[in-house]
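Undergrad: The lines below spell out each chain.
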Amino acid sequence: MAYSEKLIEHFKKPKNVGTLDKDAQNVGTGLVGAPECGDVMRLQIEVDDDSKIIKDAKFKTFGCGSAIASSSLATEWLKGKTIDEALAIDNMAIVEELALPPVKIHCSVLAEDAIKSAISDYKSKNSIEETA
Amino acid sequence: MNSDNLIYLDNNSTTPTDPRVVEAMLPYFTQHYGNAASRNHPFGWAAESGVDKAREQIASLINVDPREVIFTSGATEGDNLAIKGVFEMYSRKGNHIITLKTEHKAVLDSCKKIEKQGGQVTYLDVNADGLVDLNKLEAAMTDKTILVSIMWANNETGVIQPMKAIGDLCAKKGILFMSDATQAVGKIPVDPKATGVHLMAFTGHKMYGPKGVGALFVNRKNPRVKVTSQMDGGGHERGMRSGTLNVPAIVGFGKAAELAEHEMEDEAKRLSGMRDRLEKALMSNMEECYINGNTDNRMPHVTNISFKHVEGEGLMMTFNQNIGVSSGSACTSASLEPSYVLIALGLGDDLAHSSIRFSLGRFNTEEEIDKTIKQVTEGVNHMRDLSPIWEMYKDGVDLDAVEWSEH
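Sequences listed follow chains F and D, in order.
Per my numbering, the very first residue in the first sequence carries number 1; after that it's consecutive.
Per my numbering, the very first residue in the second sequence carries number 1001; after that it's consecutive.
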């Protein structure tokens, strides 16, 4: 697979690899995918309670180059956004940024799912209503 | 052989053409360029002579009569010819074929085709080691069974089937035995007649010959085996495979066979030493690594290893700027399905996604093995640092108990 330079860069030097304390009140954790599928992404956000801005984001991914690059990119984009802005991140933006080949588009979908899952977790821990 | 720094460990996929083979082929492009079927002039005679010699070299390698070697375009064609050719030729005797789930797609897809034409096919399971169960094979045989098709050595795991035992069973039941021996011929001693194999497909490009040429062994006597041709027009190769012979490639194939006959034994020893060293080092450098397939009955140059909690395509990306291998991961296949061979071994999708096949060859060096050990170890460790399921495993989480949100 001939990947784009940006993708390879994210793969070789992924951004924000790591683990946040999932029990912390202001941390939301999203865990999506399954080992049998060959893709598991764990994406975590640390939210500033007052401004609702995402202060920090970390990820770890079991998956191919596209999956790792997609989740690395997602954490970069999340930092500094509000939760609502983060919810607007669309997988096709990831596809374009990394020039994902068609057969790898599902990796960007999983990254979007991971973002939404992390936000949903944060909201439910802080009793914030889910917006439609 | 390779430009600086490139290491080729994917010899089960194809092999470099041996320079001595290329040298043997060259005169047949611009000097002896005649059609081998032109019997009336020196141009044809020279080409025919090259083909005759190659046929003898190949026959010698597998210990058969040259008249039993039918040239094809490769093993895929040989598999098609054997399966479809037997099905059509022996239709009055029966319509049932038995094969294994771990066969190459050239066999499986040929079987699917004859199912559409009214044939019955039994696809047997293998055990966790990749070996056929002889009792199950015997139980599957009926009075309508006309062919058993079982590969000599598996392309993904290197596992070698109990060929003589299968041959004896087929002989006892009067059923033809066909084998896709692509991964075995030229690398280990392969004697179809001594084994009870009546048809055998193999190819040049897996044994340091050129791509685009192969052969099907068809037993001539006791029993006399015939196949209905699949390629018609001219009656070449005793009416079994029409088409002008690819003379330069055939000559190359013959030379490759001759080299293999003389060098095979020493080469197998050398390669198995390097393979064992690679395998031992990787297994001891890292935990949670698993070798796939029976290790007692295995090709000397292959190791298929699953690195748990690390996905195969991603792992390959950590070293594929200079090392070439293959993976059973879904992410490397166009169909996004993981390796059906590894699944048939009962591996579970997650280990199939984590598998890498290293297949060594004639031109690999000890130094390349050293570099590979280092780079693969670094790659696995890097990927495990990125892997949430590795972290969970280290934290003592029972991954089988987790409820994953599949999509």
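One thing to keep in mind: the hints can contain errors.
Unchecked claim - Covered by chain F, per the in silico footprint, the following chain D stretches (three or more residues, Cβ under 8 Å):
id : stretch
1  : 1143 to 1151
2  : 1317 to 1331
3  : 1344 to 1350
Said to hold, decoys possible - Simulated crosslink set (BS3-like; lysine-lysine; CA at most 30 Å straight-line):
id : chain 1 : residue 1 : chain 2 : residue 2
4  : D       : LYS1371   : F       : LYS13
5  : F       : LYS22     : D       : LYS1308
6  : D       : LYS1394   : F       : LYS123
Please keep in mind that the hints were generated in silico from the structure rather than gathered at the bench.
We treat Cβ as the ideally placed atom computed from N, Cα and C, and that holds for glycine.
Undergrad: Give a verdict on every hint.
TA: Here is how each hint holds up against the structure:
{"no.": "1", "hint": "1143 to 1151", "verdict": "violated (count 0)"}
{"no.": "2", "hint": "1317 to 1331", "verdict": "holds (count 4)"}
{"no.": "3", "hint": "1344 to 1350", "verdict": "holds (count 3)"}
{"no.": "4", "hint": "D:LYS1371 with F:LYS13", "verdict": "22 Å, holds"}
{"no.": "5", "hint": "F:LYS22 with D:LYS1308", "verdict": "24 Å, holds"}
{"no.": "6", "hint": "D:LYS1394 with F:LYS123", "verdict": "29 Å, holds"}
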